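Produce the entire structure from the sequences given, and follow the hints as far as they go.
Just so we're on the same page, our numbering is the position in the sequence shown counted from 1, plus 4.
Hints listed in this document are in silico derivations from the structure and should not be mistaken for laboratory results.
These numbers come from a predicted model, not from an experiment.
Mixed in with the good hints, there may be bad ones.
Label-pair ranges, simulated between beta-carbon atoms [stated by the list, open to error]:
no.: 1; residue 1: G206; residue 2: I122; range: 56 to 62 Å
no.: 2; residue 1: T332; residue 2: T9; range: 38 to 44 Å
no.: 3; residue 1: E275; residue 2: H522; range: 39 to 45 Å
no.: 4; residue 1: D568; residue 2: D246; range: 46 to 52 Å
no.: 5; residue 1: D156; residue 2: G370; range: 29 to 35 Å
no.: 6; residue 1: D145; residue 2: D193; range: 20 to 26 Å
Every residue gets a Cβ at the ideal spot worked out from N, C-alpha and C, and that includes glycine.
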Amino acid sequence: MTTITVPASEPEIREPEGTPAGAEQLADQLFTAVGRYDEVATEAGQLQDLTGWWGEAYDAYRQAASTAGAEHDAMATTLRRVARAVTSYADDLRTHQSTAEELIGRKSDLDASRAALIAEINATADATAQDIEALRGRAADLRLAYRNLVDDHSDLQRRVRENEQRLRQAFEAGTSLSDALSDTGGVSDAAREAMNRPGAPGSGSSPEEVQRWWAGLTEAQQQAALAAYPSLLGSADGLPADVRDEANRTLLDDDLSTLASQAEDGTLSEEEAQRLENAEQTREALEDADAFTDVASGEQPGGRLWLYDPGAFDGDGRVAVAIGDPDTADDVAVSVPGIKTETNDVVGGVHDAMNLYEATRFNGDGSSVATMFWLGYNTPESETDWDTFTSGRAEDGGERLADSIAGLRASRSGDDAHLTVIGHSYGSTTTSYAAAEHGLDVDDVALIGSPGAGPARTADDFSVGEDNVWVGRNSRDAVTFFGDEGWLHTPGGLGMDPSSEDFDAHRFEAESVLRGDHRNFDDHSRYYDHDSESLHNLGRIVDGQHDAVNEAGQSHDPWWRWADDPEGERDPTTWEPGRSETRRQP
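What follows is the structure in C-alpha cells.
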C-alpha cells in the first residue's frame with residue numbers, strides 16, 4: 005500500500021488586537037495635555053518677576069511659582085514621552101496587523117494547494133511510481149511552506165508582545181507622581197540600557213560607531229530607544245534612513261498635535277507659530293513624497309523624513325526628505341538649496357527631488373534611485389542679505405553637509421551607492437566648501453546656478469577630482485554673474501565662476517526654452533524644470549552615465565571686459581521624457 009503524508013493545516017493565525025486609530029487618538033489627547041502643562045510652565049516663568057512687590061511674601065510667591073513651573077515642565081516631558089510611545093505603538097500595531105493579513109493570505113493559498121493535493125491523491129487509482137514521487141514532492145514542499153508559515157507567525161506574535169510590553173513599560177515608568185516628575189519619567193529600562201551602550205548617539209560617536217551600536221541592539225531595544233529618544237535618533241548620522249524616518253515622524257506628530265492644540269487656545273508664541281508652520285509644510289511635503297509614483301516601474305518608493313528640526317536657526321528650521329530609500333538605492337542624489345530656502349519651502353524642494361528622480365529613471369540604466377532634498381544648514385535670507393555675499397554660512401554648511409554624507413555612507417554598512425551632491429545657488433558654494441575643505445565623500449559633484457565655488461580655484465581642488473565636477477549655468481541666470489572670472493570681474497566675493505575655462509569643470513547644457521532676453525532671476529529657478537536640458541543632464545550624472553551628458557562650452561574672460569558665454573547664442577532645446585535618443589526643438 006502506497007502512503008503519501010499530507011501535512012496538517014497550521015497555524016491558526018492570531019491577529020493583533022486593538023486599533024491603531026484608537027491609540028493615535030489617545031496620543032493626540034496626551035499631546036494636548038502636554039501643551040497645557042507647557043503653557044502653565046511658561047506662564048509661571050513669566051510671572052515670577054513682578055514689579056512693585058517685595059518682601060517675604062513676594063519671596064515665597066517666587067519660590068512657589070518656580071517650583072510649580074518646574075513641576076509642570078517635568079510633567080510635560082513625561083507626558084510627551086508617553087505620548088510618543090503611544091504613537092510608536094500605533095505605528096507598529098498597524099505594521100503587525102498588515103503582516104497578519106499577509107500571513108492569512110499565505111495560509112489561504114496553502115490550504116487551497118493542500119485541498120487540491122488531497123483531491124488528486126484520492127482520485128489517483130492507477131498511479132505510476134513517477135506520479136507517486138511527484139505527489140510526495142508536492143507534499144514535502146507544502147510541509148516546508150507550512151513550517152515557514154508557523155515560524156513567521158511565531159515571530160509576529162513575539163513582536164506583538166514586545167510592542168505591548170514597551171507601551172506598558174512607558175506607562176509604568178510614570179505612574180507615581182515622583183516618577184512623573186523625574187528625569188526618566190516615561191523611559192523604559194530597555195531604552196535606558198540601549199542608550200548607555202558604547203556608540204549611542206549623543207555621546208560624540210562617529211557615524212560608523214553609531215551604525216555598529218544600532219546593529220548590536222536587539223529588536224526590542226531598538227524599538228524602545230526609538231519610542232523614548234526620537235530626537236536623538238532622528239538626527240543621528242549613521243542610522244538607517246528608515247529608523248531616522250520613524251523617529252522624525254514621531255517628532256512631527258508631536259509638533260502637529262501639541263502646537264495645534266495651543267493654536268486653538270490662542271496661546272502660541274510667534275516662535276511656536278513658526279514651528280507649527282514648518283511642521284505643517286513638512287507634513288505636506290512628506291505626504292507628496294509618500295504618494296509619488298515611479299512612472300518607470302509604477303511603484304511608490306515612499307518618502308523618508310531623514311532630518312527634522314523645525315526650530316533650528318531661529319525658526320528657519322532644518323529638514324531633509326528623500327524620495328526612495330537612500331540606504332538601498334544604487335544611485336543616490338542629495339540636492340542642496342540656496343538663498344531664501346527655509347523649512348516652509350520644503351514642498352517645492354521635494355517636488356524638485358521628484359523631478360530629479362524621474363529624470364534619472366527615465367533615461368537611466370535600470371538602477372534603483374533615491375533623491376533627497378537636504379536643508380541642513382542656515383541659508384541666507386535674501387538676495388540683498390549680507391550673508392549672501394559672504395562665505396560664513398557656506399563654510400558652516402559645508403561642514404554639516406560633509407558630516408551628513410558621511411552618515412549616509414556609514415548607514416549603508418559597506419554597500420556603497422553611486423552618490424552625487426547637487427548644489428544650487430548659494431548651495432553650490434556650500435557644496436564647494438564641503439568638497440574642497442571637508443573631504444566630501446561622493447562620486448560626483450554638480451554645481452548649478454552658482455555664484456561662486458568658494459575656496460576652490462579649479463575643479464581639481466575638489467575631493468572628487470576634476471573629472472567628476474559638473475557645472476550647469478543658464479546664460480541668463482543673474483546669480484551666476486557674481487562668480488569671479490578675472491581681475492576685472494569680482495563682484496560676488498563667493499569665489500570662482502565654476503563654468504569658466506579657468507575653473508575647468510565639465511560644463512553641461514542648462515539653457516531653458518523659457519529663458520529671458522537678458523540676465524534675470526527667473527532663470528535661476530529653472531534648473532529642475534520638467535523636460536529641461538539641465539534636468540536631463542543632471543539625471544545622466546546621477547545615473548553615472550557621464551558619456552551621455554551633453555557638455556557645453558566654458559565661459560571665457562577676455563580680462564578687459566565682462567566674460568563671454570558661448571551658451572548665450574545657442575537655441576535652447578527640450579527633452580522628451582523616456583527617449584534619450586530623440587531631441588526635439590521647442
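Cross-check of the supplied hints:
1. G206 / I122: 56 to 62 Å: 59 Å, holds
2. T332 / T9: 38 to 44 Å: 41 Å, holds
3. E275 / H522: 39 to 45 Å: 42 Å, holds
4. D568 / D246: 46 to 52 Å: 50 Å, holds
5. D156 / G370: 29 to 35 Å: Since the Cβ atoms of D156 and G370 sit about 31 Å apart, the hinted range of 29 to 35 Å holds.
6. D145 / D193: 20 to 26 Å: 45 Å, violated
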